[in-house]
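Protein chains in written order, with the working numbering: chain A, 1 to 110; chain B, 1 to 113.
Incorrect hints may have been included.
Residues from chain B shown here face chain A by an in silico Cβ test under 8 Å; the list is partial [what the hints assert, rightly or not]:
{"id": "1", "residue": "42"}
{"id": "2", "residue": "98"}
{"id": "3", "residue": "102"}
Derived by calculation from the structure, the hints in this document are not laboratory data. Virtual Cβ for every residue (Gly too), placed ideally from N, Cα, C.
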Amino acid sequence: SQQGEEDPQALSIQEGENATMNCSYKTSINNLQWYRQNSGRGLVHLILIRSNEREKHSGRLRVTLDTSKKSSSLLITASRAADTASYFCAPTGANSKLTFGKGITLSVRP
Amino acid sequence: NAGVTQTPKFQVLKTGQSMTLQCAQDMNHEYMSWYRQDPGMGLRLIHYSVGAGITDQGEVPNGYNVSRSTTEDFPLRLLSAAPSQTSVYFCASKPSLGTDTQYFGPGTRLTVL
Chain A
1 SQQGEEDPQA
11 LSIQEGENAT
21 MNCSYKTSIN
31 NLQWYRQNSG
41 RGLVHLILIR
51 SNEREKHSGR
61 LRVTLDTSKK
71 SSSLLITASR
81 AADTASYFCA
91 PTGANSKLTF
101 GKGITLSVRP
Chain B
1 NAGVTQTPKF
11 QVLKTGQSMT
21 LQCAQDMNHE
31 YMSWYRQDPG
41 MGLRLIHYSV
51 GAGITDQGEV
61 PNGYNVSRST
71 TEDFPLRLLS
81 AAPSQTSVYF
91 CASKPSLGTD
101 TQYFGPGTRL
111 TVL
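Generate the whole structure from the sequences, applying the supplied hints.
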């Protein structure tokens with residue numbers, strides 16, 4: 001299984017600060033995706049990084065991937081209260097079936 | 001496009017009752033899947049389908065049946081509900097097995113008494 005393990009389990013920051021979330025996995029992957037889940041809602045895709053990429057940006061999101069360490073990090077810059085949500089990583093292997101870890105609960109205080 | 005829709009939003013069942021959770025997508029996606037989300041457990045894959053007429057088991061298939069007679073619909077059946085099936089259920093789809101980004105429905109919150 002390519003299930004990712006997110007760290008920390010919970011993160012609380014002040015609005016305007018940066019939030020860094022980490023993901024580790026155990027097997028080789030084709031890509032790694034990050035999803036966000038707002039309270040009571042389904043997951044929404046944020047960003048995908050392929051195994052041959054080291055860094056990718058999308059708006060205030062920056063994701064890095066280190067395949068030698070089997071780890072990824074998601075950085076949200078200049079956080080806003082609306083970023084309060086749970087974040088999940090999904091390392092995806094050849095079978096392309098997405099599996100998810102327990103997620104990270106991010107709280108951004110106004 | 002409505003995307004992925006799920007009905008009902010909430011459901012309460014008694015132990016032993018049966019019911020079907022509905023999932024539909026209007027994006028012509030071949031791949032559809034069902035997850036359950038429990039506190040502290042993340043999302044776990046129940047069943048998935050790579051196209052009409054084809055289904056397969058995920059991590060936690062016991063107690064659940066699925067069928068895929070059309071591209072649009074992928075219902076999840078609980079034949080005899082148990083309290084352990086109390087959970088939030090999410091349906092998701094993507095264009096095909098080989099594509100990456102998955103689109104999720106809003107979820108069904110099921111309580112089994």
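Hints and how they fare:
About 4 Å separates the beta-carbon of residue 42 of chain B from the nearest beta-carbon of chain A, less than 8 Å, and the hint is met. Restraint check, residue 98 of chain B versus chain A: the minimum CB separation of about 6 Å is within 8 Å; hint holds. Annotation: interface hint on residue 102 of chain B holds; nearest CB of chain A at approximately 6 Å, less than 8 Å.
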